[in-house]
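Undergrad: From first to last, the protein sequence lines are chains A and B.
Position one of the first sequence corresponds to residue 1 (this note's numbering), numbered consecutively onward.
Position one of the second sequence corresponds to residue 1001 (this note's numbering), numbered consecutively onward.
Please note that the accuracy of each hint is not assured.
Only pairs whose alpha carbons sit at most 16 Å apart, straight line, appear in this in silico EDC-like list of lysine to aspartate or glutamate [unchecked claim]:
1. B:K1091 to A:D223
2. B:K1091 to A:D136
3. B:K1720 to B:D1828
4. A:K213 to B:D1101
5. B:K1872 to B:D1828
6. B:K1080 to A:D125
7. B:K1680 to B:D1834
8. B:K1157 to A:D227
9. A:K224 to B:D1834
10. B:K1326 to B:E1368
11. B:K1091 to A:D133
12. B:K1148 to A:E217
13. B:K1105 to A:E36
14. B:K1247 to B:E1304
15. B:K1105 to A:D227
16. B:K1095 to A:E48
17. B:K1326 to B:E1398
Note that these hints are calculated values from the structure, not bench results.
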Amino acid sequence: MCFKMYKKTRTSKFSSLLIVFLVLSILSSFGFGLSERIDGLVAVVNNEVITLTDIRIAKEFDLYDLKEGTSDKSLYHSVLENLISQKLVQQFTGSDVNINKKEVDRFIEDLKRGFEESGWEGKLDIFGMTIADLRDYCARYLSYKKIITERFNRSVVVSLKEMEEYYDQVYVPEQEAKGETLEPMVDILPEIESEVKERKTQGLAEEWIESLKSQAEIRIYLDKYMDFFQKK
Amino acid sequence: MKWEGLVLMSRYTDGFKLKKSFCFSVFFSILWVILIFIPCLFSYGLSESQVSIQSVYVELDGEPAEPEITELVTVRAGEKLSFFRISEVVKQLYKTGLFSDIQVKREGEESAELTFILKSQPYVRSIIFMGSEKISPSKLKQELTVIKEGETFYEGKLIEATEELKKILRRRGKFNPNIEVSIKSTDEPTLVDVFFEIKETEEYRVKDIIFKGDVIFSDYTLKKEMNTQIGNPYKNSILQKDIEKIKDLYSSEGYQRVEIETGENLYEKENLVSLVLNIEAHEKIEIVIEGADVPLSLVKPIWETGIFMDWGIEQGKAKIIKHMRKKGYLFSNVRGSVIQEENKIKIVYQVFPGEKYQINNIIFERVEYFSPDELKSQLAIRENTPLLSNITGDELFELPSEIESLYEAQGFPNTRIAWNFKRYEKKVDAVFFIEEGVQNITQEVSFRGAESISKEQLYETIETFEGGPFYQPRIQKDVENLENFYLNLGYRGTEIKSVIEKLGDNSFDVEFDIREGQRVRIKNVIIAGNNITRKNTIIREVQLQPGDYARYEEIRNTKRRLENLGIFTKVFIEEVSLNPEWENLVINVREGERNYVSLGVGLETKNEPRFFQAWNSIIRPRGTAELIRGNIFGTGAQLSVVGQISIKEKRGVISWEQPYLFGIPIDTYLNAWLERESRKSYSFDRRGITLSGIRPIAKDEDKIFIVTLRFARTSLFELKVSESEVDRQFFPFSATSISGSIIWDKRSDSFNPERGYFVSAVLEWAYPLFHAESDYQKLFTKYQQFFQLMPRVTFSMTSRLGLGRGRMPIHERFFAGGSNSFRGTAFDELGPQDPGSLEPIGGKALFLVNFELSFPVISYLKDLYGAVFYDKGNVFYKRRQFDLSELQDAIGVGLRYTTPLGPVRFELAWNLDAPAEKKQPLVIIAIGHVF
């Protein structure tokens, strides 16, 4: 009797659990039909808005050339950081640096190469945007890059000592780690100079952007979209 | 989640026999997978662009939004779902300034149900500081930058604001403050009050002050400069001022580039601070100017920071030469040198001033396009006047580049100028030889792509004309004019480019390539931010109605009119595009403070002091108090109560001011007043009421028309003239009148005019209505003209004419005399006198003219002017007694110091027609322009 009772209880428990589970399963299967956040303010930079779609577009078209393998959340975060920097720089310089049509065309062609034809169209399709809409994003990105280059690259001077340091501290260990032959410094001087210059420019630009950030009013609401990121 | 589900499922099927349980597990697992993935696969099979929007729902602060807010969301049901478009709409919504947060949620796969979740943008109404610390809240508010009254609020600001407040308090000597910050919602949902409760702070006392580095003064000398003293409470704000004083001390010894860093060592247990001032003196800079009297302050600032020596020398030379030329040393020369010693730089400017000359004339030769006179007029060169040059030396040397620019604007790009001087005695003529070169001509102006606007209309908009000079910057300006023209017609997105074609050597065709935008209409006007102000009060200032084209000029007019109401601190107008043809106008206002209190205290003398007796005059205080309550009932109306009290007058006025009268835009003033005033020959008590309406004539706001209805009851006392039919003591005289005034003000500045004119005419008709006794007519006209003869030299004149007829009691007659009319007599004393008491009795005719020349007296005191003046006029008892030969004359000299409220005047005036006992000059001290 006891056993029966136990059995009955267990069966009814199991049945009810099964029903609950099934209901949950059905509901979760239609989870895509439940309400989800699809857009909104992710950041406000000196009263200018960055939306979730802005971040998604920048990420999907890989505008900021971010490293693969980064987790989705930190990838979105990095894209947002880049978009904030871009906004600050463009707000500071007042107007966009003139980017001509050809530069944008070339950049879009480069982007396209990373996709198959249908994949490219599909990306545009996902966002319901035309190529003209994407051009605006690209032009803004290119103007941001150009401002940085024009502001710092020309004024950055690389000394022989800095090149020597780079050769000793970066080039030699890297080559040795790869097991490749070491070129004499004199032979690779232009490459080293370019690399050191690039690093110095980037360092100066980062410093500048940090100072712009410290003076700016920036509000970030990225955390509100965690459900969205997790789903993706 | 999905894998966890499977594990959970297996756990609960564990009680069954293996076979049975295994089968169940597999079955349910497959079922689960099917249930989960099939709908997903199905939904992912559908491209996003194929999904259509089924419905759009808008929520504001958790409630369904009002239709006008819903209308701002321009995504509509039936459209294809586009994230890009939604993103653009989100940005547009934020731009309206109405929302602090915007999120979009979606439900459904095949057809999307969108919900826009909006949160109202809150604003800071008040910042309130509480606590026992005695610090001026207004100063704290001033220094606090993160959070400000009237600005947007979000909670993230509170932490930042608290940190900033801690720093502010620390600067003020309040260490380790315990601050609690809180916000309180107000009756209005979009306003919050922010409370900072400063609970406790610590005070640190100065333990010692140590000077390190380049200490060239004794400790005693340095400490003597400082307000921060050992044993006293430490305040960083005071220390910073002390550092500036020490820097000045070093600078006085030539160490202009001195830098001082401060260090604080805090002894927390004892609440003591040890201060270290690390001084880096840098090089000693000695500047010497030899050969001429040139103030060192002219070049000293150049050397205050580290600069390239050559650049510093050239800058200094340029400044000195300019200074010398201004003084008349036209041919001065300067040599500069730097002598560098250890820790010392000596800069020597050797000035060779040459002879001092007055510029007698400027002569232009070989000019064809302009006549010499036209050229002078274009270059604003004045005609020579005795004693004064028509141009200063430094201005003269600027002329070649000005002439070049002038010719360039007329299409002469290659004008060459050579110039020399003809010297004779102490004067020079500057002779300019101008080779004009060839003029570039605009041959044809055309417009391409302008389909909606006629060529004639566009041609009228631009300054370039066919056959006229070709000047590229003007064409750029034309492009801007055309863009504005389109904007003002309601077009948006118009793109205009100029295309220039060179035809021959000197002729050009100009084509304006126009890509017309879309003409946009206003769908709706949305008002926000008005918590007290009625919507109607705002709407009536809006110059565009739904259905109108979005004329940009009218949008700007609307903004200006709303600002002119004086009840808003900020007005934002945003155009929110609904579709290419329609847009909404969002007007977002911030209401300002509604209560104002002002108090004024001054001094007055009972009688105008005569020269040599000024110190015998009795000086007594006078005061004014004013209380204003603005935006009453949200209508933009204002109520004010003003009280004035002095030995001569006591007055109380209640005023009601509103921008509309029965819906018509007329500034309306209703004043009721009580006053008592002592005049020279009588005193009076008066009570009355006036209703005035002010309206600009047409759209020209320089011309206004005023209509005033007035009722006043006046009782005379202390009447020092013989009584007449209407001048009697203690019996009230009542008057009802209507008056019309026209004012036309084209002065460069109402308080300190230098150019322009002012005309006013008032006609008053006092009619015996409601048993009033008044029965007279008065006309009073005034004309003022201001001429700027040269920079800071102004000649001004004014004329006044007053005529009256009918039974005019003494208090309605014309009087003159005193600081603002005829400066040769005391207040009211010009004109006819009572034969018995010799007190003025006023008259029915008045004529006055004043001439004045003001000029600078000390070049470096820019606000100080000297003045000479001549006044002429008189008052006549009857109009028929008006006689030009009876006019009196006064001359005088004075000093003026310009303030934003007009000049403070000190004058000495002599009445040339005064009897012998009144020949002494009259001393006048007054504020405001003489007329």
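Undergrad: Of the numbered hints stated previously, which ones are contradicted by the structure, given in increasing order?
TA: 1, 4, 8, 9 and 10
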